[in-house]
Amino acid sequence: MRTMVLSVLVVLMITSLLLGACAAPTPQVIEKVVTQEVAKEVVKEVVVTKEVPKEVIVTQEVKVEVEKERPQMQFWVDHPFYVKSTEGQLKSYVLECAQKMGADIEYSQDTDKVMWPRIDAAIESKKLPDVLLLNLSWLPKMQKAGLPLDVTELVKELNGNMGGFTQGPLASVTTADGQAIAVPFLASSEMQYVRQDLLDAKGLPVPDTWEDVLKTAQAINDPPKIWGWGPQVAASSYDAERHRTAMIWAYGGSIMDKDGKTIKLDSPATREMLRVIKEAWDTNAVPKEILSWDDAANNKGYQSGQVAMIENTGSVANWLRDNDRELFDSTTFKAFPAGPAGRFIQGDVWVLFIPNTTEYPEQAQELVRCISQPKLAEELMTQMNGFRVPVYTDLTKLAMWENRALKPLADATPNTVMPGYPGPVTTVALETFKQNVIAKMVSRVLSDGWDADKAIAEAISTIERIQKDSQ
Amino acid sequence: MDRHLVVPHRDRPQGHRLSAFRGLRFEQTTLGVILALPLIIVLLGLLLYPILSAVMVSLQSKTIGTPGKFIGFGNYIELFTQDRAFLEVFANTIIYAAGSVILKTVLGFILALILNEQIAARGLFRGWMLIPWIIPTLVVGLTWRWMFDQSGGIINFVLYQLGLVDIPPAWLSDKVLARLAVMIANAWRGVPFFAITILAGMQTISAELYEAAEIDGASIRQRIRHITLPGVRAVMLVTIILSTIWTFNDFELLWVMTGGGPSYSTHIFVTYAYSLGFMASRFGYATAVSLVATPLIIIFILLLVPRLWGDES
Numbered sequence: 001m002r003t004m005v006l007s008v009l010v011v012l013m014i015t016s017l018l019l020g021a022c023a024a025p026t027p028q029v030i031e032k033v034v035t036q037e038v039a040k041e042v043v044k045e046v047v048v049t050k051e052v053p054k055e056v057i058v059t060q061e062v063k064v065e066v067e068k069e070r071p072q073m074q075f076w077v078d079h080p081f082y083v084k085s086t087e088g089q090l091k092s093y094v095l096e097c098a099q100k101m102g103a104d105i106e107y108s109q110d111t112d113k114v115m116w117p118r119i120d121a122a123i124e125s126k127k128l129p130d131v132l133l134l135n136l137s138w139l140p141k142m143q144k145a146g147l148p149l150d151v152t153e154l155v156k157e158l159n160g161n162m163g164g165f166t167q168g169p170l171a172s173v174t175t176a177d178g179q180a181i182a183v184p185f186l187a188s189s190e191m192q193y194v195r196q197d198l199l200d201a202k203g204l205p206v207p208d209t210w211e212d213v214l215k216t217a218q219a220i221n222d223p224p225k226i227w228g229w230g231p232q233v234a235a236s237s238y239d240a241e242r243h244r245t246a247m248i249w250a251y252g253g254s255i256m257d258k259d260g261k262t263i264k265l266d267s268p269a270t271r272e273m274l275r276v277i278k279e280a281w282d283t284n285a286v287p288k289e290i291l292s293w294d295d296a297a298n299n300k301g302y303q304s305g306q307v308a309m310i311e312n313t314g315s316v317a318n319w320l321r322d323n324d325r326e327l328f329d330s331t332t333f334k335a336f337p338a339g340p341a342g343r344f345i346q347g348d349v350w351v352l353f354i355p356n357t358t359e360y361p362e363q364a365q366e367l368v369r370c371i372s373q374p375k376l377a378e379e380l381m382t383q384m385n386g387f388r389v390p391v392y393t394d395l396t397k398l399a400m401w402e403n404r405a406l407k408p409l410a411d412a413t414p415n416t417v418m419p420g421y422p423g424p425v426t427t428v429a430l431e432t433f434k435q436n437v438i439a440k441m442v443s444r445v446l447s448d449g450w451d452a453d454k455a456i457a458e459a460i461s462t463i464e465r466i467q468k469d470s471q
Numbered sequence: 472m473d474r475h476l477v478v479p480h481r482d483r484p485q486g487h488r489l490s491a492f493r494g495l496r497f498e499q500t501t502l503g504v505i506l507a508l509p510l511i512i513v514l515l516g517l518l519l520y521p522i523l524s525a526v527m528v529s530l531q532s533k534t535i536g537t538p539g540k541f542i543g544f545g546n547y548i549e550l551f552t553q554d555r556a557f558l559e560v561f562a563n564t565i566i567y568a569a570g571s572v573i574l575k576t577v578l579g580f581i582l583a584l585i586l587n588e589q590i591a592a593r594g595l596f597r598g599w600m601l602i603p604w605i606i607p608t609l610v611v612g613l614t615w616r617w618m619f620d621q622s623g624g625i626i627n628f629v630l631y632q633l634g635l636v637d638i639p640p641a642w643l644s645d646k647v648l649a650r651l652a653v654m655i656a657n658a659w660r661g662v663p664f665f666a667i668t669i670l671a672g673m674q675t676i677s678a679e680l681y682e683a684a685e686i687d688g689a690s691i692r693q694r695i696r697h698i699t700l701p702g703v704r705a706v707m708l709v710t711i712i713l714s715t716i717w718t719f720n721d722f723e724l725l726w727v728m729t730g731g732g733p734s735y736s737t738h739i740f741v742t743y744a745y746s747l748g749f750m751a752s753r754f755g756y757a758t759a760v761s762l763v764a765t766p767l768i769i770i771f772i773l774l775l776v777p778r779l780w781g782d783e784s
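These protein sequence lines map, in sequence, to chains A and B. 1 is the number of the first residue of the first sequence in this note's numbering; add one for each residue after it. 472 is the number of the first residue of the second sequence in this note's numbering; add one for each residue after it.
Okay, chain A solo, but in the shape it has when bound (with noise of 0.2 angstroms):
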């Protein structure tokens, strides 16, 4: 019996000491009480009495002089610059930023393995930073929770500096409505690399369209020493997605239409993309190693001479000029490929996204407005050589993009277009581009053996899901 008794009382101690830990502290909410309206007036004497739970009454009586509170505001970057200069660079303009504003900054950034799933936890928590330095690609899911603060205005203003926004990152931040979701900060483009020395070894000219980089790679490939071309087709590709996108558009086909409601995969550009690409595997003018490559293995694939030709944003120039002098001068530097309806390249935008949980949307927008300055800007796309380029007009201009192996990357501007071209930057062409709809059709026609048709069908099955999800 007395076991039993001791039992009871063993149990009742722990559950009271569990319940006691979770119970509130009150005091402490008190002081805080005290201190927002403190916070709000600068002077002022304030007699706070406040009734709180366990019918404790407590009476404060508070007369101070304090300076208004600083914003405490967190600044998030997912995007790898890869240029370890250029990351210092950022976070000292946001730190001087913060201290011109009289806000303190936790200043966060990591690359996509830990970002991303951080982001994503943020988003179902609605506990996300003030700012947040991302992809275009992270807009769509923003939007579905009702995340993005109106920044219409913001844009417009900064659309008055160094010439104004170029058209595609403009195009990506707007919604149908012609509101603007958040600010382009940087942009990517592209161009292709050709090895001049091989094609006059063979008597070649530098090829120009899709058709005639078919054409040049069968002509000098020579597996297993250097295969004729290196082009991105893997599932998983971002890359792949971006490239073969921009040959549908070049032989005139598109995903969505221009209204950005109906699909338009279906086509006969879709298919010839998909045969200029099945042709070049067969023939084995590409290795067939292309299937598996990440974003970055196109890169490797030139820089250790392995492949004649890719495509790729301004890294491998960069890589050259400072670790192969020889391929460097030996590369030709061109615009990206045309087809018969013209050169498309699918841009790549960096943006500033300011959620509409900040308890600080005044500092975060000006926040954006300062490190959106044009010194920034420029000292951004120096020191990053061409990896990215810029989102102001102004800014294609410098002097640095004369340079031969910059240069493509700079005239592309005009040629550069958004997901969902011809059709506004929908959720629907963002989630489609996300979800690499586009490398997964080329994928299932190279390792699957799938025709056209049925690799066609199914990525239509998947868009028009997409569809469904984003009602």
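Hints listed in this document are in silico derivations from the structure and should not be mistaken for laboratory results. Careful: at least some of the hints might be erroneous.
Said to hold, decoys possible - Think about it this way: if two alpha-carbon atoms lie no more than 16 angstroms apart in a straight line, the pair counts; the simulated EDC-like pairs of lysine to aspartate or glutamate are:
#, chain 1, residue 1, chain 2, residue 2
1, A, K264, A, E458
2, A, K225, B, D637
3, B, K646, A, D448
4, A, K113, B, D554
5, A, K278, B, D554
6, A, K454, B, D554
7, B, K540, A, E124
Unchecked claim - Here are some chain B residues the structure puts well away from chain A; computed CB gaps all over 10 angstroms:
#, residue
8, I535
9, M600
10, I606
11, S622
12, Y735
13, M750
Every residue, glycine too, gets a C-beta built ideally from N, C-alpha and C.
With chain A's structure known, arrange chain B on it following the hints.
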């Protein structure tokens, strides 16, 4: 007085000492249960809440940042009737788990046999053997990815230098070769675990059995078949169960080596669920994919565990 102490029992002598002893046992049991109760509640909460929460999410059309919409078994129906990729993923998971575990079992057993013999520097080999098991999976994945690389990988270099191939095979871009490659990498990492556990089992077998069998003229094959294998059966079954569960959930290795490609040929439940959840933002659907694996593992365990108990009895 506690009434349990005075309840008479028809079939047993009603001695005071025995009653007191039984009462004491009852009290101790009750006390034990009551004391353990908070912990049991916490543990049940920790175990059940995530499972029930996952089941609930799988019954919703849920994307990140939005409240879920209850759709019943809609996700499961879509998985089995409309999602062509899922059926491939289903088959891949079985092939990958079965292939890897068979490879690990066979190689682990052979390695354990070797290390159970009186060979030189046996202790050193036993230590070295564990290295693949110790190396982080991420490093294992990256290393094997590089080794299987078509252009610069050591495997193709050797094959090419030996004149066995004209054009080096693209291991990670061919559906069959990619599956084989990830199974080889998984086996390389997992063999030490099998070997060390089987070796531990072998060391419990009495040497006299082998001596007697040898005197009776049993060959090595017969000794392995009739003494070693039955002796390590229980430990092998436990190892197989554990390894199968781990292989079913082997995310890192596959993600680093192939990202699930080419096409969907090396996607298993976990990688597919990850890509659906974090790339396509389809949380409800991704959770349904993850949960489909659970009954499979349970069935597998239910099939093997009775054998294990039977063996012990």
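Would you list, in rising numerical order, the hints stated earlier that this structure does not obey?
Failing hints, ascending: 4, 5, 8, 11, 12, 13.
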